[in-house]
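When you get a sec, could you build the whole thing from the sequences and use the hints?
Chains as they are written, first to last, in the numbering used here: chain A, 1 to 632; chain B, 1 to 269.
Each statement offered as a hint is correct.
A partial selection of chain B residues facing chain A, derived with a Cβ cut-off under 7 Å:
1) Ser15
2) Ala17
3) Tyr166
Because the hints were derived from the structure by calculation, they are not lab data.
Quick caveat, the model's predicted, so the values are computed rather than measured.
Note that CB positions come from ideal geometry on N, CA and C, so glycine has one too.
Below are the chains, spelled out letter by letter.
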Amino acid sequence: MTSFVPLTTVFPGLVWLMAALALLQGLRRAALWRVGAAAPVAWLDGLAKLPKRYLVDVHHVVARDAYASRMHAVVAGGLLAASILTALAILPPLAGFRPYWFVVALAFGVTAIGSLLVGARRYPAKQKRLSAGRFQILPFLLVAYAVGGTITALLLALRIDGLFAPLALALAAAGGLGLAFEVRHGPMRHAAAGALHLVAHPRPGRFEGRPDTALQPLDLDAPRLGSEMPADFTWNRLLSYDACVSCGRCETACPAFAAGQPLNPKKLVQDLVAGLSPAEPAYAGAPYPGGRAAQGERGALARLIGPDARIHPDTLWSCTTCRACVEECPMMIEHVDAVVSLRRHQTLERGALPEKAVGPVTELRQSGDPGGRPLSARTDFAAGIELPVMSERGGAEILLWLGEGAYDLRYGRSLRALIRLLREAQVDFAVLGAEERDTGDLARRLGDEATFQDLARENIATLAQYRFARIVTADPHALHALRNEYPALGGRFTVIHHTAFLLELIRAGKLNPGRLPDLSVTYHDPCYLARYNGETEAPRAVLDAIGVTRSEMTRSGKRAMCCGGGGGAPVSDIPGERRIPDLRMAQAAETGAGIVAVACPSCTAMLEGVTGRQAEIRDIAELLLQAVEAGR
Amino acid sequence: MKIAVLLSAGRHPVSGAAVLPRMEAQAIRLAAGLGEAIGLHAGPDAAAVREALGLGLARIEHVAIPEGGDPVPALIARLAALAPDLVLAGRRGQGGAESGIVPYALADALDLLLIPDVIAVTSGDGAGTLTLDQSLGRGALRRVSLRGPVLATVHPDAPPPLAYAYGRARRGSIDGLGSAPTLTAGPDMAVEERPYRRRPKLVKGAPTGGSAAERLKAATGESGSAAKGRLLVEPDPEEAAREILAYLRQIGVLAASSGASSDASTPTP
Ligand code: SF4
Ligand code: SF4
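The following block contains the structure:
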């Protein structure tokens, strides 16, 4: 027989015990992060901004799955409120105040509803993208804690004494302590690590409303280059991987996974988690396509990449660095940074590039072009049209950056269209001609930071010789490197994508396109424009300005699917069951549009290469030129 | 096994940048598969071959010789002291100061056997023996087994170079061995450089005279050897295969004897 007074102490005491256990379990896990390298963290700033980061930025992502969003709000909100309220009841005035216990009971009741929502995602059958394992126990722990808590609080509110109270308390204790225990290895780790991750996020710029997507430059004099083992990551990166809640949203978004290449971003993150600690329970989600079993040693100093290690090199080289996973991750994990850091070690320290990528990267290093083509041939596509060259002019209003696409016969057509539009609008522009080297994008994504930095410095020095107000480029990869990644190496330029520039010209009345209402167009967003730079509107506005019938693919804008052309994936050429561009063209075909509008040389090449394709691939510049000619 | 890879200061065929010639990079890959290898360079500046450290060599020895000096005596002296079991070199120069005849001069002076155009090297069965696969062009190979020190030049068909690893290049060392003992001027090679010009292909057996129509006929095979081809309409596969084999033998892609593979074994003492 329990009397009331002890129960009002025992119940809050249980919550305090849970907190202590959670703290202990959390600290045991946190001890592992300490093996990571040091990282600058603005603690106070991060702490102050935690609520905003959670309620705005995290919520923005979570809310894409309305069910998950509601479920999480109810269960997490209820759990937190109920636990804090109960913990406060350790104060005698509250403990003796009956209405207070009604409020507590209400909070636990809400938690119970949330717990059922959690369970409904997993029983009778779990959603495909979710992980099983310890996550399958989670609803039971939650229900036990919530129901036990509700009953105990009600009994206290109603002052009912009886045998029921110890039973209810025992139920709450089993669930509550179970949840607290799970902070180390189980589902509840995401709450602790996730909150800390939001505070100590390696890319705080993400939360300031600008795309913080530039790869961080690597100190080439560091004793070890890139990451070989968990201990090579900074501690807050290790922490970030622990925040993963195995929701599988990244897996659903990943083009390489969809194509059956041996990459699954969720498993990759979980391999980084498991690689850190041999005690981590077995992974229970979808495997890497191909189903390679986990193998190799684990521990802070264990090699992560290798045919015999935790992560197969093919997994690493399958990534197109499209950032779809990062965009979808509710825990704000930076998968691409992890991939590039691992690649840097493979490339810089071990020379272990995929066989097929060695040639292009070598040419890039030796001749400034991945195809080893003469730099002077970059302007060959413009044979017959006048192309002003900087070295002859010394300066121009606009510097037109041509990029690697200029060597491509097909893409030359897009560039010619762009140049004719610039002429039509009487833009004062010039190209670098033979002085333009590759931006080094390919080398950087493949981990060859040394070559990237060399090329960047040479390009920055070249650009410094000329007067120009802005750089216009039709290549989003070049745009990203020039705009976001060159500043860290001392090159600050205003860079604008050709679609945005063309829109400016239209709005300024310098281009007067006619309307092409007969064309049905769907626009494919390039990853490096939409996700890396947040630009999704200008290309659509240009299409609307020329009056085409525009439809959207299911995945568009910042959530668009990659064409498979980024991150060196085409040169690495890791085999899969399907091809990424085929998948993307199938999605485009669903819209029924006769034209897929593109705005990137890689997308053009990848999508044009799809066999049996019904739709035409046209660059925005080509469509606009057609409209301008129709409007004459 | 002691291996020395001769390194030279080449130029990139397109950009003209100072690079390690590709065939020497391939030589490094061959050497890396065999054992401990060092690089050897005689020239004014070791920086020209630093790249080799990133391509799989841990150590390079550099003998400084003045600009325009002859590297051969310095290399002879160093190779004589090192006495490697295998010396690898590229089969031709690549646009820099290298002439492509150094391997021959060295083999001559050191009385080494020179095996040109090698695409693979493995240790043979017996101690100190080597098996080399020599390219005869058009995919044909000759396997050579031999004992004793040998100098081999590498053919472009050898496996492609390893990837350059910046970290390895950083860790590797270049040991300066001082200057060459005697300064010799290089052989006086009066060479003239001209841009390459594609020349029209001569069609074998084509009549040089006659009307344009006749020459066209000859070139497109309506007479002459190609016209001798047989047209088989829906032949059975056996017969078709026989015809193809016969034709391949006739034009020399396959060896004449039946069942022969493309590689003939020629053991050398
Ligand atoms: S960046 Fe793209 S390809 Fe790479 S893991 Fe993420 S979703 Fe997959
Ligand atoms: S990495 Fe992010 S998106 Fe992927 S499973 Fe983990 S929490 Fe979900």
